[in-house]
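K.L.:
Turn these sequences into a full structure, and let the hints steer you where they fit.
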Amino acid sequence: MKMLFYRYGSICEKDIMRTFEEFGIEIIVYDKEVIDKNYPIERAVTEVAELLEENKVLFVFSINFFPFLSEMTRIFNIRYLTWVVDSPVLELYSKTVANDNNRIFIFDRTLAMEISKYNSSRVFHLPLGARLEERNKMLNTEDVSKYKHNVSFVGSLYTEKNPLASYLKNMPEFYRGYLEGLIDCQEWCYGAYFLDEVVDESFVKKIKPFVRNFEDINSYENLSDKVIFSQYYLGAAVTAKERIDTFRHLSDNFEIDIYTYSDTSEIKNIHNHGNAKTETEMPFIFRNSRININTTSKSIRTGVSLRVYDVLSCKGFLISNYQQEIAEMFEVGKCLETYSTLDELDEKIEYFLSHEKERRDISEAGYEFLEKNYTMKKQLTRMLEMAFDN
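Number 19 in full-length UniProt numbering belongs to position 19 of the sequence shown; there are no gaps in the numbering.
No lab work stands behind these hints, which were simulated from the structure alone.
Nothing here was measured: the structure is a model prediction, and the numbers come from that model.
Beta carbons are placed, not taken as given, at the ideal position from N, Cα and C, and that holds for glycine.
Errors might be hidden in some of the hints.
[Said to hold, decoys possible] Derived Cβ-Cβ restraints for the label pairs, each shown as a range:
1. Arg-248 x Met-386: 40 to 48 Å
2. Asn-38 x Asn-222: 22 to 30 Å
3. Phe-203 x Lys-146: 45 to 53 Å
4. Lys-146 x Val-45: 43 to 51 Å
5. Tyr-178 x Ala-49: 44 to 52 Å
6. Asn-38 x Thr-341: 40 to 48 Å
7. Ala-327 x Ser-121: 23 to 31 Å
8. Glu-347 x Pro-163: 32 to 40 Å
9. Ser-156 x Lys-117: 27 to 35 Å
10. Arg-212 x Lys-146: 38 to 46 Å
11. Phe-388 x Lys-169: 47 to 55 Å
12. Lys-208 x Met-138: 47 to 55 Å
13. Arg-212 x Pro-40: 19 to 27 Å
P.N.:
If you want it as structure tokens, here you go:
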């Protein structure tokens, strides 16, 4: 059995490839976009077509949805399997989502429900998974003293992913104040993303003239200005504010170590170690930090982000913001901890820094829960069963 794996550089790709190989699937890899992010789409279409003509593959796979792959596989009468692991993914609003050959798997249930209206029988909710074996072998082979921290966070602070910040300065005072009010209200609201409801098309129409290149984003047939503004612009703005405010607050009370390429100049009392390498550094940070913090991007409305699996798969102790699907899928208090306010986060950090046995027990239980329920092998098995059920 053969498959074509279209790669663009997602951190999930290697783990998924290894798992498909363990299934006995021969993988043909197309990875031009990994090397060149501006690789011409016309050349990619031609080269992928040549691979499909030369090889009899059962399906094409990619992380996140690529409209041109959906169209090409439709023409070749091959199934296109895609696992959406990010949000927002604006390509999901392409008319090609409706193609019969698609099998679209989405990690966030709310997003899956939204996109399913375009192809109800071929869009599925599928949470992410983790590979455990390699990480734990690696974690026992190196001096890890430099990765020992009390409280750590790995990831972007979103300050560089927040285009709305620069546009707000040029808006009339009423619009700027209204949007800043919405951002403030959503910031500490966990379990509900109400910006989708309060932002309407008429309001976005008034805002658009102040947002440069807005029209360039809306290139998909089912993509509304409301979705672009509420999820792409406001989602990033709320996430950036929440992360800055969270770590500014925590750094006043605890020793905080952050691994990020984001600008941390607004946070005075943290230790910024710069970017962490995904495969060779992050696992050691997760395992050896007494407490790992996860703050989910606001545009992930109910789903469980990859970071949760990353930490638990390394037997790390995790405190995450509350997410609806975390509460449904995991045993909170046994596998991991969650918080809904900064005061609650303070209390849990203080408590678990001084209760090592409980912390270690939760770390072990989180790992065992993943091993039993959400390994990459289990999730990809579920994917293939659903994809070829009919």
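K.L.:
Run every hint past the structure and note whether it holds.
P.N.:
Status of the hints after comparison with the structure:
Between Arg-248 and Met-386, the C-beta spacing of about 43 Å keeps the proposed range 40 to 48 Å intact. Checked against the hint of 22 to 30 Å, the C-beta distance between Asn-38 and Asn-222 comes to roughly 26 Å, which is consistent with it. Taking the beta carbon of each, Phe-203 and Lys-146 are about 49 Å apart, inside 45 to 53 Å as hinted. Evaluation of the 43 to 51 Å hint for Lys-146 and Val-45 yields a pass: the beta carbon distance comes to about 46 Å.
For the pair Tyr-178 and Ala-49, the beta carbons lie near 49 Å from each other, so the given range of 44 to 52 Å is met. At roughly 43 Å, the beta carbons of Asn-38 and Thr-341 sit within the given window of 40 to 48 Å. Remark: the range hint 23 to 31 Å for Ala-327 to Ser-121 is upheld by a beta-carbon distance near 28 Å. The beta-carbon spacing between Glu-347 and Pro-163, approximately 35 Å, falls within the hinted interval of 32 to 40 Å.
Taken as a hint, the range 27 to 35 Å holds for the pair Ser-156 and Lys-117, whose Cβ atoms sit roughly 31 Å apart. Taken as a hint, the range 38 to 46 Å holds for the pair Arg-212 and Lys-146, whose Cβ atoms sit roughly 42 Å apart. The hinted window of 47 to 55 Å between Phe-388 and Lys-169 holds, with their beta carbons roughly 52 Å apart. The given range of 47 to 55 Å is respected by Lys-208 and Met-138, whose C-beta atoms sit roughly 49 Å from each other.
Under the hint 19 to 27 Å, the C-beta atoms of Arg-212 and Pro-40, about 25 Å apart, fit the expected range.
Consistency with the previously given hints is maintained throughout, with no hint failing.
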